[in-house]
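> The lines below spell out each chain.
There are 2 protein chains.
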Amino acid sequence: MDFLFSDNAAGVKPSAIREILKHSSEPGMIPFSAGNPAGEAFPVADIARITNEILKKEPVAALQYSVTEGFMPLREKLADYMGKKHGVVKDFDKIIITAGAQQVMNLTAKALCNRGDTIVCENPSFVGSLNAFRSMGAVLKGVDMLPDGPDLDQLEEIFKTDKKVRFFYTIPNFQNPTGLTMSLEKRKAVYALAVKYNIPILEDNPYGDTRFKGEELPCIKSFDECGLVVYAGTFSKVLSPGMRVGFMIGHSTLVDKVVALKQTQDVHTNILSQKIAYDFMTKCDYEAHLKMLKDIYRRKAALCMSEFDKYFEGKIERTSPEGGLFAWCTLPESVDMLSFVNEALKLKVAVVPGTAFLPDESAKCSCFRINYSTPSDEQIIEGMKKLAQAGEKFKW
Amino acid sequence: MDFLFSDNAAGVKPSAIREILKHSSEPGMIPFSAGNPAGEAFPVADIARITNEILKKEPVAALQYSVTEGFMPLREKLADYMGKKHGVVKDFDKIIITAGAQQVMNLTAKALCNRGDTIVCENPSFVGSLNAFRSMGAVLKGVDMLPDGPDLDQLEEIFKTDKKVRFFYTIPNFQNPTGLTMSLEKRKAVYALAVKYNIPILEDNPYGDTRFKGEELPCIKSFDECGLVVYAGTFSKVLSPGMRVGFMIGHSTLVDKVVALKQTQDVHTNILSQKIAYDFMTKCDYEAHLKMLKDIYRRKAALCMSEFDKYFEGKIERTSPEGGLFAWCTLPESVDMLSFVNEALKLKVAVVPGTAFLPDESAKCSCFRINYSTPSDEQIIEGMKKLAQAGEKFKW
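Chain order of the listed sequences is A and B.
At position 371 of the first sequence the residue is numbered 423 (our numbering), and the sequence of numbers has no breaks.
At position 67 of the second sequence the residue is numbered 119 (our numbering), and the sequence of numbers has no breaks.
In short, the hints are calculated from the structure, not lab data.
Fair warning: there could be bad hints in the mix.
The list treats identical chains as interchangeable, and a pair is accepted whether it falls inside one copy or across any two copies.
[What the hints assert, rightly or not] Below, simulated EDC-like cross-link-like pairs (lysine to aspartate or glutamate); rule was C-alpha separation at most 20 Å, straight line:
(1) K398 - E365
(2) K212 - E105
(3) K447 - D214
(4) K248 - E128
(5) K108 - D196
(6) K212 - E413
(7) K248 - D54
(8) K108 - D98
(9) K108 - D331
(10) K193 - E92
(11) K108 - E78
(12) K265 - D388
(13) K335 - E237
(14) K437 - D54
(15) K346 - D98
(16) K438 - D331
(17) K109 - D98
(18) K335 - E277
(19) K216 - D412
(20) K216 - D59
(21) K65 - D308
(22) K216 - D54
(23) K216 - E374
(24) K437 - E208
(25) K136 - E277
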């Protein structure tokens with residue numbers, strides 16, 4: 053049976069990371085390629101207790117249909133939390149609970165983007181979001197990532213010359229895949245450009261609450277005076293990704309449309325998990341949990357970076373993440389990235405080829421992404437040693 | 053802030069049912085308008101016990117990222133169950149776990165339908181699916197529902213003359229909103245037409261396992277020899293709708309594409325709920341649960357129909373559902389349907405105006421939908437009395 057796929061669907065392929073991830077689950081493989089939060093950071097005892105209580109006290113409400121906008125007490129709690137901590141909920145804003153932040157990218161693009169319209173993104177950027185945009189038939193235009201965030205000249209040039217730009221997608225904190233953080237100045241400048249050209253910003257902040265080093269910086273959304281910034285948040289990195297609970301904060305006009313679209317997509321987000329998230333925020337010590345989680349990531353990142361430097365200092369450039377799960381490594385010109393990644397795979401070490409994160413996947417790339425949250429300490433130590441062995445085949 | 057919405061999104065509005073449902077939640081309102089499974093049919097003790105066990109035994113796996121295709125043991129169990137019970141999994145088929153059956157409609161339309169393409173549906177049909185198709189920019193063409201299913205002449209006429217038909221959407225068992233069931237002959241004839249014109253069928257069977265009267269009929273998918281039939285199933289009506297766990301069975305070529313699309317939408321379905329569904333199917337007495345559930349619906353449907361007939365026999369025609377949650381009522385020409393529904397609302401009885409379910413919402417309609425699973429027995433008795441009072445304003 054041959055199916056005639058829609059134009060939008062025809063262009064969508066399983067993410068390149070998936071192929072690598074298949075290798076990652078092979079026995080003995082060291083998974084620097086994954087993007088999983090550390091299992092030891094899940095508050096499993098609290099979640100088990102809370103869940104048990106919910107299913108005892110209000111089983112029918114926890115299992116019945118619910119509203120598309122999301123569990124009202126959770127929305128109110130998030131408005132309060134995000135307002136106090138990040139200054140992001142404005143009078144004109146509304147919150148909708150989504151199936152992870154992934155659904156925010158999907159629905160924002162669906163709401164705003166016709167086939168052939170342009171979405172501007174960082175280059176490189178998170179492949180899951182890029183694929184969501186591709187699935188709407190969007191043309192992706194990348195803006196190179198500099199150490200302090202996206203190149204503003206490139207951004208303005210696109211804003212100025214491309215009349216089909218629908219929004220700019222950015223991950224200001226500990227970006228996936230680079231681990232880079234946008235400076236405060238640049239956040240303000242990006243917002244100013246959005247206002248100047250009247251182009252919305254989709255600010256994706258999955259790692260915001262994982263900063264384990266350096267100073268907190270305000271969200272771009274906190275500058276928003278006219279409803280141009282859409283904020284995507286999630287419990288995936290701070291509580292549990294398997295629950296698939298995220299949220300979107302945006303101007304009510306846009307959120308109302310997104311509610312109508314979400315209704316056609318999955319009716320509402322799993323209600324038991326929304327209640328778990330709510331109870332976790334209100335009945336457990338959320339700040340103590342975040343501190344515990346940051347301690348884990350600070351330690352794992354430091355171990356991974358020092359093991360990396362042991363073998364690769366002066367050979368492979370890398371970023372120094374202050375939060376999140378990833379670092380970005382740049383090989384010298386003399387080493388072919390895909391050959392290096394494949395050599396590593398042969399030695400049972402998986403990293404993700406940088407090409408997976410490019411708006412234009414066919415562009416040249418000498419980078420790869422490593423993750424330090426998934427492998428165990430032993431795997432990090434062993435994995436870096438093997439990565440160094442893989443490197444021995446190449447001339448540096 | 054004004055947003056320029058995409059062409060597809062611009063046409064999507066919150067479902068008309070939602071407006072009625074807002075009234076339904078007003079204090080004292082009798083909710084014949086809802087579509088909720090009866091809360092008393094939820095196996096709450098089993099679910100609480102299973103969930104507790106999962107979070108004790110394998111908390112990290114129940115909270116971590118999972119694969120887009122869905123929890124493998126659940127897919128295998130469903131393949132086994134659906135094969136044995138409904139004969140629906142063919143060699144060329146694959147299963148994907150989705151966020152309810154709603155996501156099957158959304159992703160099938162997304163995979164197959166460009167803006168301006170035609171989707172053929174029953175007239176009337178489930179508004180949630182129609183809105184999913186509308187959100188892809190599909191043109192909906194309705195085929196009138198007869199007592200034994202859709203009008204075959206109309207169906208063939210559309211298949212023959214419209215070259216942009218992408219698939220035919222049908223709910224053969226206890227259809228929402230009519231409660232009607234497609235005859236065996238018609239199931240075969242519909243499949244034969246699909247083969248003749250090489251047009252896929254999307255068979256939505258949310259209520260299949262709720263038959264409380266009459267003989268089981270084979271699914272259209274069970275006749276499928278060439279991969280033309282896509283089957284949508286769900287745990288929403290038999291276990292819990294709030295869990296948002298459904299599934300799609302279809303030709304592997306199509307399911308592979310749907311997997312890639314789902315990945316861009318929500319990465320994967322809530323994994324804890326997938327594990328709950330699996331454990332419920334394998335560790336609890338699933339058949340005994342279905343029997344209990346059917347007993348509840350048989351009783352509630354009988355009560356609702358007899359109370360209805362007490363006041364409306366010879367005045368309002370109604371269908372006689374053998375399963376599912378709904379009956380469809382047709383007012384005489386002399387009574388204006390919307391006036392009747394509004395009179396009922398004034399007396400605190402909510403039913404859904406039939407127009408909500410029409411492919412062409414502006415068409416004339418003298419029908420309304422009633423649900424018997426949500427109201428309590430007392431509410432059913434009181435509600436029908438009030439509905440009769442509302443009717444007193446009209447000439448019959």
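> Checking each numbered hint in turn, tell me which of them this model violates, lowest number first.
1, 2, 3, 4, 5, 6, 10, 11, 12, 13, 14, 16, 18, 23, 24
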